[in-house]
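The primary structure of each chain is shown beneath.
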Amino acid sequence: MRLKTLLATAALAMAVGAGPAMADLVFPSLSYRTGPYAPNGIPFADGYADYLTLLNERDGGIEGEKIRMTECETGYNTEKGVECYESTKGEGSLVYQPLSTGITYQLIPKATADKIPVHSMGYGRTSAADGAVFPYIFNYPGTYWDAASIIVKHIMNEEGGDISGKKISLVYHNSAYGKEPIRTLEELSKKHGFELSLYPVDHPGQEQKATWLQIRRDRPDYVTMWGWGVMNQVAVQEAANIRFPMDHFIGVWWSGSENDVLPAGAGANGYKAVTFHGVGTDFPLFEDIKKHVTDAGKAAGDGSHIGEVLYNRGLYAAMLATEAARTAMKMHDTKELTPDMVRDGMEALKIDEARMKELGLPGFAPEIAVTCSNHGGPGLGAIQQWDADAKSWSLVTDFMGADREVVDALIKEDSEAYAKENNITPRDCGA
Amino acid sequence: MSPAFLYFLETVLNGLMTGVMYSLVALGFVLIFKASGIFNFAQGVMALFAALTLVGLQTGQVPFSHLINAIFGTDFHQFGWTLPAFVAVIGTLVVMIVFAYLFEKLVLKHLINQEPIILFMATIGLAYFLEGFGDLMWGADIKALDIGIPSGGSFWLEDVTREWAAEGSDYFGMYIDKLDVVAALVAVVLVLLLMLFSQYTATGRALRAVADDHQAAMSVGISLRNIWVIVWSIAGFVALVAGIMWGAKSGVQFSLSLIALKALPVLILGGFTSIPGAIVGGLIIGVGEKLAELYVGPFVGGAIENWFAYVVALVFLLFRPQGLFGEKIIERV
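Quick note, the sequences are listed as chains L and F, same order. First residue of the first sequence: 1, per my numbering; consecutive thereafter. First residue of the second sequence: 432, per my numbering; consecutive thereafter.
Each hint should be verified, as a subset may be incorrect.
Computed footprint of chain L on chain F; a stretch qualifies when at least three of its residues, placed anywhere within it, have a C-beta under 8 angstroms from a C-beta of chain L [claimed, not checked]: (1) 438 to 444; (2) 540 to 549; (3) 562 to 573; (4) 582 to 588; (5) 685 to 699; (6) 723 to 734.
Computed Cβ-Cβ distance ranges for the label pairs, DEER-style [said to hold, decoys possible]: (7) A348(L) - I578(F): 54 to 64 angstroms; (8) D601(F) - E405(L): 44 to 54 angstroms; (9) Q509(F) - D282(L): 19 to 29 angstroms.
No lab work stands behind these hints: they were computed from the structure. Nothing here was measured: the structure is a model prediction, and the numbers come from that model. Glycine included, each C-beta is placed from N, C-alpha and C at the ideal position.
Please build the complete structure, drawing on both the sequences and the hints.
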């Protein structure tokens, strides 16, 4: 009897473990709605959740298959983020958005071993763009190195194409994240002849007087910033205080939300940031969000963040994840997806402008075509600028590409080093 | 004067001003430690909570609106009015006094005669509770704080000091943030008020008596519980001042609670029981870290000011464990 029970239990366990995904499509959300970084975590998590709710309410899910979002609070803490991953992966989670470079670094080996894709959208390890070495990690539509290159390209455009002899400074969070663009900027400095100076700011960045006294003394022509959280707000305020021309101050996409500029009031007017998606609510999709989510009382938040930069980013992340799932369904001719199938969908993801229009987001972001070798996407970015009177961002350039010659070489170098350190034989992605 | 020397002076001046900002936070720690022997881990969060309350009252935000709306399905967020800054400050002060009263009534009263480490643990609990309570009450958004304090570089100082540089030198004047000057003036007034209060009022004398010897003070009829309420209220007021000054720099957000980390080296240096020590300690730390960042930082990769402050404090600790102005406690066995 006991043997029979044991065998039955084992059989059941094997059936559950080895079988296809559960009925719902599980999209985990590693969010941070508490702690010092909550003001940034909340709008992103709301945007992510609202898009998934919209698909459920309007379309009955993806291709009729309902979506279940499991939210886990990380507090933007790496250990908690890894705990969230471990505690939710067994629920059939299809793709993870770690929402933190620290968490991403921890998940790269774990998720690869578990065969669960990770989408670190515009953050994490830049060289993960090399799909031959990182088959389960994706960072499309752009990387930090793309961002650095696009900022320099914008400065060149502003300066009539020649920035030799100009001084460009980087104010950065003194962490792995903040240091990401340094290599790229150093290479670009050699290529274009500008003088690069570096100003690290220790966490959390509440006090930056010494940094800005140095900048005031050194008088760079442009300042670019890789900051996060309170560091951004203080930097924008200090730049305004020393009367640094704000249209010469350009942040990465994690230093370009409403949170970063509102506390400085009128002083922040003209501040710029690179972005990989559109701003505001002037897209048909937002009408659907209002009708099916907000007005129906199903919104994740109180609706006050809709259209903000980080809300739109969360929404865009959800759209990319669900489109990858849709692609996977078509590729594998099934609606019961596994994480591995979604990985295939991510690697074959193609979203052109016609599809963006169908999704209610015309012109919201550049076209995407992910491949086996390129997990970093098109690497395009535009520059957005803050209008303090209107309290809104607007795109002041078209989407433009990074310097592929410089960025791709750096990605190759770094991913090869990673492969060597970790005894990884890169996949053959063809020519 | 050479521009290099003027930059040095500018660094010292700004270091002093930053030091005053640190002192504002350290003062709250000193007040409570002096009167009750408690190291108040929650002082930084109190500054955050006070600033959140100030902005909430000033902008007419409905407290607990997320909770109310979630329970009753309503959509209340704003009362629709704004309060003058002065009224909002008074309102916040009342909230901080109520908070002090409740903390004494609900927590401290039950911990009389407990070891200092137990009281310290209670303040750790308070810090986490207050952070969550503040989030629930006022939301996690970053809030701009504007009560009319001037900010930005002073044109006047730039113009005056530009002339100090040697002729033909490319010097464009000395920088100082007007907000820092206001903070320095506020700190001076605050310290004077605290000293006058403790020297010339009956309550102030009672506070000093309790600080000297709890049991002796109680034996002459001083109510320890009332004194604790008063001390925590004053610390709440100091937290409000610190919250306003730091909140004006970065917006009011939950990172504000981390300013407590900046007060620790100040306390180690100045002593946990001395109000002048908090000021002098702040000034030394402020100047020390700024000079280190500007003149040593470039040789070691920069971003050294945070830990350099602790190095300075540690060096002092080795030679003068009670701090510059702290009381040397000699226990006879």
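We went through each hint and held it up to the structure:
Counting residues of the segment 438 to 444 of chain F whose CB lies closer than 8 angstroms to any CB of chain L gives 3, which reaches the minimum of 3, so the coverage claim holds. Remark: the segment 540 to 549 of chain F is not confirmed as covered by chain L, as 0 of its residues place a Cβ nearer than 8 angstroms to a Cβ of that chain, below the required three. Requiring three or more residues with a Cβ within less than 8 angstroms of a Cβ of chain L, the coverage given for the segment 562 to 573 of chain F holds, as 5 such residues are present. Coverage of the segment 582 to 588 of chain F by chain L holds [criterion: at least 3 residues with CB-CB distance below 8 angstroms; count 3].
Counting residues of the segment 685 to 699 of chain F whose CB lies closer than 8 angstroms to any CB of chain L gives 7, so the stated coverage by that chain holds, three being the minimum. Here the segment 723 to 734 of chain F counts 6 residues with a CB under 8 angstroms from a CB of chain L, which clears the bar of 3, and the coverage holds. One distance hint, 54 to 64 angstroms for the beta-carbon pair A348(L) and I578(F), holds here, with the actual separation near 56 angstroms. Checked against the hint of 44 to 54 angstroms, the C-beta distance between D601(F) and E405(L) comes to roughly 37 angstroms, which is inconsistent with it.
Between Q509(F) and D282(L), the C-beta spacing of about 25 angstroms keeps the proposed range 19 to 29 angstroms intact.
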